[in-house]
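Engineer: Here's the letter readout for the chains.
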Amino acid sequence: MSVVPPIPLDEMIVCPQCDAAYRLERPGAGERAVCQRCGTALITPRRKAGLQIIAVSLAIVILITAATVFPFLSINAAGASNSVSILDAALAFSDGPLIALALTTAALILFVPLARVLLSIYVLVPIVMDRPPARGAAQAFRLSEALRPWSMAEIFAIGCAVALIKISDLADVTFGPAFWMFAALVVLVVVQDNFLCRWSVWKSLDKPRTS
Amino acid sequence: MEIAGQTPDIISARDLGVVACNRCAKVWPAGRQTCTRCGSTIIARDTKSLQRVWALWLVGLMCYVPANVYPMLQTRTLLNVQEDTIVGGAIELVHHGAIGIATIILVASVVIPLAKFMAIAFLAISVTRVSAVSKHQRQRLYEVVEYIGRWSMIDIFVVAIMSSLVQLNTLAAINPGRASLFFALSVIFTMLSAQAFDSRMIWDLQSKPEGHSAND
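Residue numbers (my numbering), protein chains in the order written: chain A, 1 to 211; chain B, 1001 to 1216.
Don't read these hints as lab results, they were simulated from the structure. Check before you lean on any hint, since a few could be wrong.
To be verified - Computed footprint of chain A on chain B; a stretch qualifies when at least three of its residues, placed anywhere within it, have a C-beta under 8 Å from a C-beta of chain A: (1) 1011-1018; (2) 1032-1040; (3) 1151-1163; (4) 1179-1192; (5) 1196-1203.
No residue lacks a Cβ here, since even glycine has one placed at the ideal position from N, Cα and C.
Working from the sequences, and respecting the hints, build out all of it.
Structural biologist: The following block contains the structure:
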């Protein structure tokens, strides 16, 4: 089919989920543009979103680093005790072929969230400062978006709750400092993800690079 | 535009002769190969998509069988060593009176994975023929599958936390069993299978009058 589009391509927006095409109308800050057919949010701009996301991202980097090394949980039963960090938990599957699972777990709960945050800082800082996009910013943002479903910090947090209830009749469990850091971290990761308007970021990355 | 159906004023990008990048949604003229904004390959309709969906689906299903047959947890106490499968562990919890936790585990590791296999299979079959289920419902189903798929990993995380924490020398120790590896693989492959599904295919049939087959 070769129908000539009635409007220029730059003034068109297409829903990535259902392929519906619309004439572009930018919503104001706080408003959302939603696909009429399938309800997917297309544009969700926020005032000063870039700066907020960068601030939250920096907090996430600090929290992930700290939560990784400090003791996370410790248990006590009849005089014997044990305390672990998140990294210990992730690397629990460490004998034989389960080592692959250990690395996967560590990636899903620590390294993927960390990588996504670092990538979004790299992409957003030049945009917020009204500079041309950083070298390879588009590839960085594409990678960050591809990693999105594989960032599972919030699932790990619910997993903690389930594990704690299972263990609690076997032994006394106490929370270490990293537990609270991780709890804050999960909230921030969700906030960071929801503040981001992907369409606006891609639009900003469209500007020609000066190099 | 001859568009049948309940939403007459919505036109698909393909009918306009344009194509949107799958990753960054930039609009290009139809036939464009790569998106120069983000560098992704542009595929107007992924005809091989269903093959990939089914291949990954099958691998996921194959991994799900050993995940339920092999033990998930090995609990060693002073007196005995006990190995529990996923379902066995949940039954054990019910005997201890923890019905809530048993329900969470059964839902997360049995009900959701099985429902996910059925949902992906249903979606993949439904786009090849005229389906009785409305497009909105199928789009909703796809979003639910994509959202909920990741949550099956919870059982792996529970095993990881328990087996790293409960290491009390001779008193008690919990170790992960072989099933954990297969279960994780099963979750990962079903997630990949759901991602391989091109949800735009759900909406394509709308633009065609009833009775025509959709063989493109």
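Engineer: Which numbered conditions among the earlier hints are violated in the structure presented, ordered from lowest to highest?
Structural biologist: none
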